[in-house]
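So the chains spell out like this:
2 protein chains.
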Amino acid sequence: MAQKRIGKQTLALQDPPSFAGHACIVGKKEGEGPLRDSFDFINADSFLGESTWEKAESALVRNAVSMALAKSALSPTDVNLVFCGDLLNQCTATSFGMRDSNIPMFGLYGACSTMSESLALAALAVDGGFADNALAVTSSHFCSAERQFRLPLEYGGQRPPSSQWTVTGSGAAVLSANGPGPYVTHVTPGRIVDNGVTDANNMGAAMAPAAYDTLKAHFEDMSQGPDAYDLVVTGDLGAVGSDILREFFAADGVDLASKHQDCGLLIFDRKTQDVHSGGSGCGCAASVLCGYLLNGMREGRWNRILFAATGALLSPTTTMQGESIPSICCAVTICNTK
Amino acid sequence: MAQKRIGKQTLALQDPPSFAGHACIVGKKEGEGPLRDSFDFINADSFLGESTWEKAESALVRNAVSMALAKSALSPTDVNLVFCGDLLNQCTATSFGMRDSNIPMFGLYGACSTMSESLALAALAVDGGFADNALAVTSSHFCSAERQFRLPLEYGGQRPPSSQWTVTGSGAAVLSANGPGPYVTHVTPGRIVDNGVTDANNMGAAMAPAAYDTLKAHFEDMSQGPDAYDLVVTGDLGAVGSDILREFFAADGVDLASKHQDCGLLIFDRKTQDVHSGGSGCGCAASVLCGYLLNGMREGRWNRILFAATGALLSPTTTMQGESIPSICCAVTICNTK
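Protein chains in written order, with my numbering: chain A, 205 to 542; chain B, 205 to 542.
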């Protein structure tokens, strides 16, 4: 068997799984942003016809999964495992979204890094021979997240400039043992990094050190820098976090900036859409990956990308108890060739 | 490569990982119960010297991990991956507990099934060649769970007879590629099952159908019944849920009862400890597995057990919105021989 562990913490997949299909569904605001043409469906109604925002978020998950399966030409019975998670307390958006699927499930919590985490574990499951087809899916909803993490929407609280706007969206991807690509070739799981940031309205600053830690480990393990990629995409560091991450690498003499983009900056137009530092939420990286990024790879716009969603592992309770914000980042290499 | 997928949803590990070490730590009430001699440490102080119960729960995690590593004769740098999760919103007990460990982490949410889930994924990671040593850990704390899921402790609310008592405890286990056993030989990941139970004070009834679904799939996939095991242990169905599960199998003409035990019934003495239907919480199955069960296997009391923790994937919000309780059960075969 070829060596699967490279360096400190990177995993090389022996027989890289292929994306059989992927789909994303978003809300109205996301549908008005720069990536509008990359989404499979844009909902004008924030409730999706449901009675609550939480149920609407589960509907996003159901719809994203249905579309990803349809595009994969697979039925739920063909899928051996699903890896899923979201931001809501007890991850109910995805568990209720997958409730009627009958697919064996592993529930995850990686905050906004969950799309990387689910994709990584789905890839390991397929490569390890434990699934022919594995599904990765995650979601977020602005309205369910705001009232749970911050304040009731009706309160109309002001948001500081460093804050980010939770994306209403879900992305789902099916990985299969065989297929024409794009392929997941490497995974670098992240360690928790906590540099002491306590401002829950500045998650970009809290997460940037985690992105730096994982990307640095990935580059060292692979003996390659950002130059080896057409694109290095972080999850949702936003403007504040992206600047910090680029500065960390610049201080090492590494030019990340020319290859770096951030899902939180890609999904909204900050000049016209009033999202302050950018987009965030599990659904941000998920809907950018499962539309814009994977479509672009299929079109040959990029051949090798490093997808590194970032998560802030705080809760309202830990913030109220004066804790700083532990963060994590999981990196996944996606390549048009094995 | 030998067939890793058996039947509908069971996974057979090609080179079964071995338990290198395991440890559990509990609270005062658990330390007064029938399993008192199996715990590595019993805390008289529910705060563990911390300022909040949430921080105390993270301390349980830290201590369980330290003890499991010490008993494995491993340091944190020897561990390639940790799979962990808990009941708190955004799974902060384990993420804060693992914050300073520097071990690459996959965060999970499987409610009270999390010990099965983390053990299953750790086993797949080691068997797949992605880790030499992988850690599975989970926790719960009566006081942090009560105030989050139910009512402030100070309120002194009455509990109905079908309710269960959240265990204060954490269990951690290290799986290694090589070792003398016990081994994880099979994993049956569970599907979500929701039979329409809406009473959040009767989680045993909500979870029993999920346990039935996974155990039935496991027995069918393996072409074996309960007789093939020295013990079939569910997570925390308690008295109500255990009766339902046994009746389901009895209706199929299968005698589960003579081989079945439940972690929620093992950990407390219901006659003297006032826990109504039994124990519950991620820490219940975890601390019973990482003490009583694995110690018993090492002593030759049992040679082959099926460990099937169950989880109720509800949240206070879904209950308030009138939803029923989706449940899940993941089963793991543990054997003294490969």
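Note that these hints are calculated values from the structure, not bench results. Note that the Cβ used here is the ideal one computed from N, Cα and C, for glycine as well. Just to be clear, a hint being listed does not mean it is correct.
Lysine to aspartate or glutamate pairs mimicking EDC-like chemistry, simulated, CA-CA at most 20 Å apart [as the list claims (entries may be wrong)]:
id, chain 1, residue 1, chain 2, residue 2
1, B, K212, A, D241
2, B, K208, A, D282
3, A, K212, B, D447
4, A, K463, A, D434
5, B, K212, A, D434
6, A, K212, B, D336
7, A, K208, B, D304
8, A, K212, B, D304
9, A, K420, B, D304
10, A, K233, B, D304
Which bits of chain A does chain B cover? Going by a derived footprint, with three or more residues having C-beta under 8 Å, they are [to be verified]:
id, segment
11, 270 to 277
12, 323 to 333
Self-check item: Broken hints, by number
Solution: Hints 1, 3, 5, 7, 10 and 11 are the ones this structure does not satisfy, whereas the remaining hints hold.
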